[in-house]
Structure formats: C-alpha cells, structure tokens
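There are 2 protein chains.
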Amino acid sequence: MFEKVDALLIKTPDENFFYFTKLEGFYENSYAVVLPDKVITIAPHLEEKADYFYKSKKELEKILKDVAKVDKLGINGEALSYKDFVYLKKLLKTKLIDVSQEIKKLRVVKKPDEINLIKKAYRISNEVVNQLDFRNKTEKEIVKEIEMAILKNNAKLAFEPIVAFGKNSAIPHHMASNKKFVLPALIDLGAKYKGYCADITRTFIDKRGKKVYEIVEEALYMAIDNMVEGIKAKEVYELIEKFFKKHGYKMLHGLGHSIGLKVHDGYALNKKADFILKENMVFAVEPAIYTKSFGVRLEEDIIVGKRKGKIIA
Amino acid sequence: MFEKVDALLIKTPDENFFYFTKLEGFYENSYAVVLPDKVITIAPHLEEKADYFYKSKKELEKILKDVAKVDKLGINGEALSYKDFVYLKKLLKTKLIDVSQEIKKLRVVKKPDEINLIKKAYRISNEVVNQLDFRNKTEKEIVKEIEMAILKNNAKLAFEPIVAFGKNSAIPHHMASNKKFVLPALIDLGAKYKGYCADITRTFIDKRGKKVYEIVEEALYMAIDNMVEGIKAKEVYELIEKFFKKHGYKMLHGLGHSIGLKVHDGYALNKKADFILKENMVFAVEPAIYTKSFGVRLEEDIIVGKRKGKIIA
Numbered sequence: 000m001f002e003k004v005d006a007l008l009i010k011t012p013d014e015n016f017f018y019f020t021k022l023e024g025f026y027e028n029s030y031a032v033v034l035p036d037k038v039i040t041i042a043p044h045l046e047e048k049a050d051y052f053y054k055s056k057k058e059l060e061k062i063l064k065d066v067a068k069v070d071k072l073g074i075n076g077e078a079l080s081y082k083d084f085v086y087l088k089k090l091l092k093t094k095l096i097d098v099s100q101e102i103k104k105l106r107v108v109k110k111p112d113e114i115n116l117i118k119k120a121y122r123i124s125n126e127v128v129n130q131l132d133f134r135n136k137t138e139k140e141i142v143k144e145i146e147m148a149i150l151k152n153n154a155k156l157a158f159e160p161i162v163a164f165g166k167n168s169a170i171p172h173h174m175a176s177n178k179k180f181v182l183p184a185l186i187d188l189g190a191k192y193k194g195y196c197a198d199i200t201r202t203f204i205d206k207r208g209k210k211v212y213e214i215v216e217e218a219l220y221m222a223i224d225n226m227v228e229g230i231k232a233k234e235v236y237e238l239i240e241k242f243f244k245k246h247g248y249k250m251l252h253g254l255g256h257s258i259g260l261k262v263h264d265g266y267a268l269n270k271k272a273d274f275i276l277k278e279n280m281v282f283a284v285e286p287a288i289y290t291k292s293f294g295v296r297l298e299e300d301i302i303v304g305k306r307k308g309k310i311i312a
Numbered sequence: 000m001f002e003k004v005d006a007l008l009i010k011t012p013d014e015n016f017f018y019f020t021k022l023e024g025f026y027e028n029s030y031a032v033v034l035p036d037k038v039i040t041i042a043p044h045l046e047e048k049a050d051y052f053y054k055s056k057k058e059l060e061k062i063l064k065d066v067a068k069v070d071k072l073g074i075n076g077e078a079l080s081y082k083d084f085v086y087l088k089k090l091l092k093t094k095l096i097d098v099s100q101e102i103k104k105l106r107v108v109k110k111p112d113e114i115n116l117i118k119k120a121y122r123i124s125n126e127v128v129n130q131l132d133f134r135n136k137t138e139k140e141i142v143k144e145i146e147m148a149i150l151k152n153n154a155k156l157a158f159e160p161i162v163a164f165g166k167n168s169a170i171p172h173h174m175a176s177n178k179k180f181v182l183p184a185l186i187d188l189g190a191k192y193k194g195y196c197a198d199i200t201r202t203f204i205d206k207r208g209k210k211v212y213e214i215v216e217e218a219l220y221m222a223i224d225n226m227v228e229g230i231k232a233k234e235v236y237e238l239i240e241k242f243f244k245k246h247g248y249k250m251l252h253g254l255g256h257s258i259g260l261k262v263h264d265g266y267a268l269n270k271k272a273d274f275i276l277k278e279n280m281v282f283a284v285e286p287a288i289y290t291k292s293f294g295v296r297l298e299e300d301i302i303v304g305k306r307k308g309k310i311i312a
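First to last, the protein sequences are chains V and E.
The first sequence begins at 0 in numbering that gives the first Met the number 0 and counts up by one.
The second sequence begins at 0 in numbering that gives the first Met the number 0 and counts up by one.
Next up, chain V with everything else stripped away, as it sits in the complex (with noise of 0.2 Å):
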C-alpha cells in the first residue's frame, strides 16, 4: 500500500479502523491515519480512547490537516461516502487515492491470532446450530434460539440466521417465516467473536435429499482438498462447476467467500476469482445445489494450506 501512498486516512464507519487500531466502541466520526511506522487515532471526546480528541468540527479539522498533512493520501473507497470523499478532499486539498484493493490485499492473509479469533467464532457457530432443538418450532423462533445461543457463548451475530424449512431451503437468502419445522431445514449463521465472522450452513435432510447431499458433501470436500496455496481461486469454483455440471446440476451462486472483520470480507470464490490462494486465508465455502423443491447448502471455513486445506474447527 505504501508504494501508493504515503499515509491511508480511515474513516468510520469502517472495520479498518478496528483493524488498524483495536479500539472497540461507539467511535462515530472518528479517523484512523496510518502511516508506515505508527497508528494515529482522532475521535470525539466522548469516547475513551485516541491520540486525539476533539470537541469541535473546527478542533476536527485542524488536527485533520496537521496529522494527515502528506502528499498522497489514501482512502478505503469502498467504505468511505461519497459526501465524506468531498469533503475531505476540500478540507485537506491533497490528492485522495482510494487504495481499497490494497486494504483488501493485506487482509486477506490471516495471522495467528486473526486465525484463533475465527476459530472461536466457528466452534461457537457449530456449538450452536448442533444444540438446536427444532421440534415444533417455526422459522422465525429458530432464528431467535440461534441469536441467543450465540449471545450466551459470549459472542455477537456475524449477520442474522437464515433459516429455511421444507421447500423454503430452495430460496438462498428465504427470510425466516411461521413456517413450522419440517425436514429439509437448511440452517445458515454466525457467529461474530471479538470482531472476527463464522460462516456455516447445514442442511437436515430426509430420504428425499439423500442423493443431492451426497453430491453437494463431495463437492465440499473436493473443494476443501483444493484449497491449497499456488492455486487460482477461480480454479476451484470451475472444478467444482464441473462436478456438478456432470451431475446434471448448475452453480446458482459463488463457492465462497473470504471471511475475517466481515462475514463477506472482500474475496469471491466465483469464477472472476483471479487472485491466487496463499497460506492462512480463510473462506467460507458453500456449495449448494437448489431444486425446485428443496436446496442443500453445506458451508465450511476453511484455512488455505501448502498441501491441502482444512477446516478450522
């Protein structure tokens, strides 16, 4: 990024702020200024922690231009509004580079500790959608046993549940209804921990399911194999494709996703997936295959590896 740049200013909201400087809490309007060397905080004087705190637009504005005083400034244009880039550009009359591609770059590579917070998150998603008792309950009570569950492990809602019932699983994002729980129940949540996202989905079938599973279970795990550094993402979604395609089936949405601060964290598994797997990215993959009756979604997290990758349970 620094190539680009000589300073990237952060805006919230945004999850690079908490990236780039752990602080948790409200922080509306405050900036991050990143620099090579050293992490500087604005934010009002409302909240806890920052480098600066100011009272005032005016008292804002005059440590905005002292501390991001650089030649090219970068920004996340992805996250940043529109009437902010304006703004901003005006008050600081600097050339403004939105560098979301590189932000996106730098975090899709795990560290060790990104990787133990999304872990966390995976055990308490699972901990939770296997403790589920769904016995005459609707969709919508469902999707509030999950929030609690969730809640109750000390964690927060990576996104809110999707749960489906019966032919309502043939809807990927099927809003939960009253519908009362009858087999197949395609369950999709996560859990959020300390910032970082889970991403599962299981699918309880009856007899009827049984061979689509099948052929959705093997995909994941062919997939799983193929998640291996060097390769081209978009590699695995077309073998996956293929697989499916020979099955007589078609791909309605993506394989995956990157996940990390955000459930959707910046990287597709799709067929535009140029990019190449590296070790310690993390992906939900899901492949899923939809009937007109009834659809099979099985999502895992997955950890790129050198020789093969693996779940991060």
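By construction, these hints were calculated from the structure, which means they are not laboratory data.
Here a beta-carbon is modelled for each residue, glycine too, at the ideal position from N, C-alpha and C.
It is possible that part of the hints are untrue.
[Unchecked claim] Only pairs whose alpha carbons sit at most 20 Å apart, straight line, appear in this in silico EDC-like list of lysine to aspartate or glutamate:
hint : chain 1 : residue 1 : chain 2 : residue 2
1    : E       : 179       : V       : 47
2    : V       : 21        : E       : 70
3    : E       : 291       : E       : 234
4    : E       : 54        : E       : 65
5    : E       : 249       : V       : 58
6    : E       : 143       : V       : 126
7    : E       : 82        : V       : 97
8    : E       : 179       : E       : 132
9    : E       : 270       : V       : 60
10   : E       : 166       : E       : 205
11   : E       : 89        : E       : 70
12   : V       : 178       : E       : 23
13   : V       : 56        : E       : 237
14   : E       : 261       : E       : 112
15   : V       : 89        : E       : 77
16   : E       : 270       : E       : 240
17   : E       : 151       : V       : 144
18   : V       : 151       : E       : 205
19   : E       : 143       : E       : 159
20   : E       : 143       : V       : 159
21   : V       : 270       : E       : 60
22   : V       : 193       : E       : 144
23   : E       : 143       : V       : 216
24   : V       : 193       : V       : 14
25   : E       : 193       : E       : 112
26   : E       : 305       : E       : 234
27   : V       : 143       : E       : 159
28   : V       : 61        : V       : 77
29   : E       : 271       : V       : 58
30   : E       : 54        : V       : 237
31   : E       : 270       : V       : 23
32   : V       : 245       : V       : 205
33   : E       : 151       : V       : 159
34   : V       : 261       : V       : 58
35   : E       : 151       : V       : 140
36   : E       : 261       : V       : 27
[To be verified] Computed from the model, here is a short list of chain E residues facing chain V with C-beta under 8 Å:
hint : residue
37   : 21
38   : 24
39   : 25
40   : 146
Since the structure of chain V is provided, determine the placement of chain E on it from the hints.
For chain E alone, coordinates are given in the frame of chain V:
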C-alpha cells in the same frame, strides 16, 4: 426531493432501501429506484423479492441503465461509497446529485406506523432495563443480560448497550469492562423493532449523586416540555445549556438526536441545530452531567407535539 431530481437511486447497504421498499433481508448489492409514483427494486437472484433479479454484473448493468434512465439522478451521498459513486457515474453517464439532506428531511417527521414501531421498541427497552438484576454482576455481564433480554422480546439490538459502574459513568461512551456493580450505574440501551430504534439511558445513583441527578432530571423535563412544533431546535439546546450553567455545569455533548431506522437518524439537537421542530419528529433527548468521579445521563424518546413534547411510551 423531486424538485431537484427525476429519480433517486439507493444502493445497499443503506437503511433507505428498507425505508422506500419495506424489503427485509440480506439484499447485498441491491438497488431501489425511487420515482415520484413508484419504487423499482433490483436484487441478486438469491433474494426472495424484487422487481428485477440479476445473475451477473452484466445483467445488473443492463437493468440499471434501463430503469435509472433520467436526466437528474439523486443519490444518498452519506451512504453511497466513493467507489460506487465513481462506478455509477461512469456506467449511467448521467448527472448524480447528492440529495442526502433531502432524504433526511423526508425521514425526520415520522408517519403513524413508524411512531408505533418506535413506541414498541421504546417499551421493550424500558421493560428490559427495569428488569435488570445488577447484584454481583460485572458491566460485561449486564451488557449480555440486556442483549439477551432484547432478543427474548422479539426485537434486535439498536446498538451495543453502554453499561458503566462507579467512576466509569463519567465516560459517556465507556466500553463495558469486568468491573463489578457499584453505584452509580449508567445504562444506555436500545431495542430495534421491525427496523425502528429506541435509545434510552437510566442512571441509578447513591446519595452522592442525588443533587446532580435532580438537576439532570429537571433539565430532561424542561427539554421535553419545549419539544414543540415551531421552536428552533437549537433553542431547546440553549435552554438546557443555560440551566446547567446556572448550576455550575457544562454540556459535554449534544442534547440529543433524531431516532428512527438508525439510532442517530440524521438530525442533532445541538447549538448548530437551525431546523424548526415539527409535530411527529422523534428524538432521543439526553441531558447529562459528568463530574470527575461519576456521570448522570437521563435519556428519553420524545415525540414533538403541537403544544408540548411527550415521551413515546
């Protein structure tokens, strides 16, 4: 808004997508085109409902060019990212006009059904705080208890609760720690019900806090009485500022903010608040005094009335 633009284009994530479409769900990379007489929705084919579904970027672009074909296209510059702005400008080859202020203005006066949802969120929040049992618990444990109680009441979290015991209450945005319960205890929480947020704060005090509490309480009711149609918002702020000054205290932060689909829904009650209060605007009003050793903040959700404001309860 339609004096300035022919149509408004909203891209998710943006709570205005829900505001204009009432569609709940993931809706990543989804769009709403708001025209004077109708709203057109565009979403990935993974979603359940939309007017147009797309499977590829190419399909999306074709639909967008077709549906958003107007001379002056409005955008929400506060939510649309800089990158998406650049992308849409290039794609649509039309004038993109930031109408974020007009959208906020549209949203600040609440419709009856919106008021009912905020009322429900308020009631849940109030019930949750009233049922807390602090004995022997830490700030973090109370945060968890609040979050679970909100979910149990079929609501979501409007924001992560603030729980501050003892001298931590002197920090407006204190992050919950492992500190055990002592008085004073400041609890700032909000439920979100069907998309609409409440935001309330209670402070439980011991004898030392009594005098400060009474001043803040008087300020709260003074503010509520003055949340009246026709009054300039900053006059309410100034009234409380003056009242505090008389007692030897300063305002450390604004007097409040509009609430709705967001906790901070667009308008602030501070010394710069030049707008005129109107019936059915809804604000969280939160006078507070912070001393060196503790803080007292009292926050209620207020509907502006013709003759006086009232708590939304």
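Evaluation of the provided hints:
For the hint pairing residue 179 (chain E) with residue 47 (chain V), the CA-to-CA distance comes to about 19 Å; that is within 20 Å, so the pair holds. Pair hint residue 21 (chain V) plus residue 70 (chain E) does not hold up; C-alpha atoms about 45 Å apart against a cutoff of 20 Å. For the suggested pair residue 291 (chain E) and residue 234 (chain E), the alpha carbons sit about 28 Å apart, so the restraint of at most 20 Å is broken. Between residue 54 (chain E) and residue 65 (chain E) the alpha-carbon distance is near 16 Å, which keeps this suggested pair within the 20 Å criterion.
Proposed proximity of residue 249 (chain E) and residue 58 (chain V) is supported: the alpha carbons are some 18 Å apart, at most 20 Å. For the suggested pair residue 143 (chain E) and residue 126 (chain V), the alpha carbons sit about 19 Å apart, so the restraint of at most 20 Å is met. Note on residue 82 (chain E) and residue 97 (chain V): the hinted pairing holds, with a Cα-Cα distance of about 8 Å set against a maximum of 20 Å. With a C-alpha separation of about 13 Å, the suggested pair residue 179 (chain E) and residue 132 (chain E) falls inside the 20 Å cut-off, and the hint holds.
Only pairs whose Cα atoms come within 20 Å are accepted, and residue 270 (chain E) paired with residue 60 (chain V) is accepted, the gap being roughly 18 Å. A hinted pair counts as satisfied when its Cα atoms are at most 20 Å apart, and residue 166 (chain E) with residue 205 (chain E) qualifies at roughly 13 Å. Between residue 89 (chain E) and residue 70 (chain E) the CA atoms are separated by roughly 14 Å; this keeps the pair inside 20 Å, and the hint holds. The suggested pairing of residue 178 (chain V) with residue 23 (chain E) holds, with an alpha-carbon distance near 17 Å, which does not exceed 20 Å.
Under the criterion of a C-alpha separation no larger than 20 Å, the hint pairing residue 56 (chain V) with residue 237 (chain E) is consistent with the structure, at around 19 Å. At most 20 Å may separate the alpha-carbon atoms for a hinted pair to count; residue 261 (chain E) and residue 112 (chain E) meet this at roughly 16 Å. Distance hint between residue 89 (chain V) and residue 77 (chain E) is fulfilled; the C-alpha atoms sit about 16 Å from each other, no more than 20 Å. With a C-alpha separation of about 9 Å, the suggested pairing of residue 270 (chain E) with residue 240 (chain E) holds against the 20 Å cut-off.
For the proposed pair residue 151 (chain E) and residue 144 (chain V), the alpha carbon gap of about 9 Å is at most 20 Å, so the pair holds. For the suggested pair residue 151 (chain V) and residue 205 (chain E), the alpha carbons sit about 31 Å apart, so the restraint of at most 20 Å is broken. For the suggested pair residue 143 (chain E) and residue 159 (chain E), the alpha carbons sit about 10 Å apart, so the restraint of at most 20 Å is met. Our distance criterion of 20 Å between C-alpha atoms is met by residue 143 (chain E) and residue 159 (chain V), whose separation comes to about 18 Å.
For the given pair, residue 270 (chain V) sits about 18 Å from residue 60 (chain E) by alpha-carbon distance, which is consistent with the 20 Å threshold. This hinted pair checks out: residue 193 (chain V) and residue 144 (chain E) have alpha carbons roughly 18 Å apart, not beyond 20 Å. About 36 Å separates the Cα atoms of residue 143 (chain E) and residue 216 (chain V), which puts this hinted pair outside 20 Å; it is violated. Under the criterion of a C-alpha separation no larger than 20 Å, the hint pairing residue 193 (chain V) with residue 14 (chain V) is consistent with the structure, at around 12 Å.
Of the pairs offered as hints, the one joining residue 193 (chain E) and residue 112 (chain E) holds, with about 11 Å between alpha carbons and a cut-off of 20 Å not exceeded. Taking the CA atoms of residue 305 (chain E) and residue 234 (chain E), the gap is near 16 Å; set against the 20 Å cutoff, the hint holds. A C-alpha spacing of about 18 Å is found between residue 143 (chain V) and residue 159 (chain E), which places the hinted pair at or below 20 Å, so the restraint holds. Annotation: proposed proximity of residue 61 (chain V) to residue 77 (chain V) is violated, straight-line Cα distance about 26 Å (limit 20 Å).
Annotation: proposed proximity of residue 271 (chain E) to residue 58 (chain V) holds, straight-line Cα distance about 15 Å (limit 20 Å). At roughly 17 Å between alpha-carbon atoms, residue 54 (chain E) and residue 237 (chain V) fall within 20 Å of each other, so this suggested pair holds. The hinted pair formed by residue 270 (chain E) and residue 23 (chain V) fails the criterion: a straight-line CA distance of about 29 Å is larger than 20 Å. Taking the CA atoms of residue 245 (chain V) and residue 205 (chain V), the gap is about 24 Å. The hint is violated against a cut of 20 Å.
In summary, the hint linking residue 151 (chain E) to residue 159 (chain V) is supported, as the alpha carbons are separated by about 15 Å, within the 20 Å threshold. Between residue 261 (chain V) and residue 58 (chain V), the direct Cα distance comes to roughly 32 Å. Violation of the 20 Å bound is thereby established for this hinted pair. Pair hint residue 151 (chain E) plus residue 140 (chain V) holds up; C-alpha atoms about 10 Å apart against a cutoff of 20 Å. Among the hinted pairs, residue 261 (chain E) with residue 27 (chain V) is consistent with the structure: their alpha-carbon atoms are about 13 Å apart, no more than 20 Å.
For residue 21 (chain E), the suggested interface contact is broken, since its CB lies about 12 Å from the closest CB of chain V, more than 8 Å. Residue-level restraint check for residue 24 (chain E) holds (minimum Cβ-Cβ distance to chain V is 5 Å; threshold 8 Å). A least Cβ separation of about 5 Å between residue 25 (chain E) and chain V falls short of the 8 Å threshold, and the interface hint therefore holds. Residue-level restraint check for residue 146 (chain E) holds (minimum Cβ-Cβ distance to chain V is 5 Å; threshold 8 Å).
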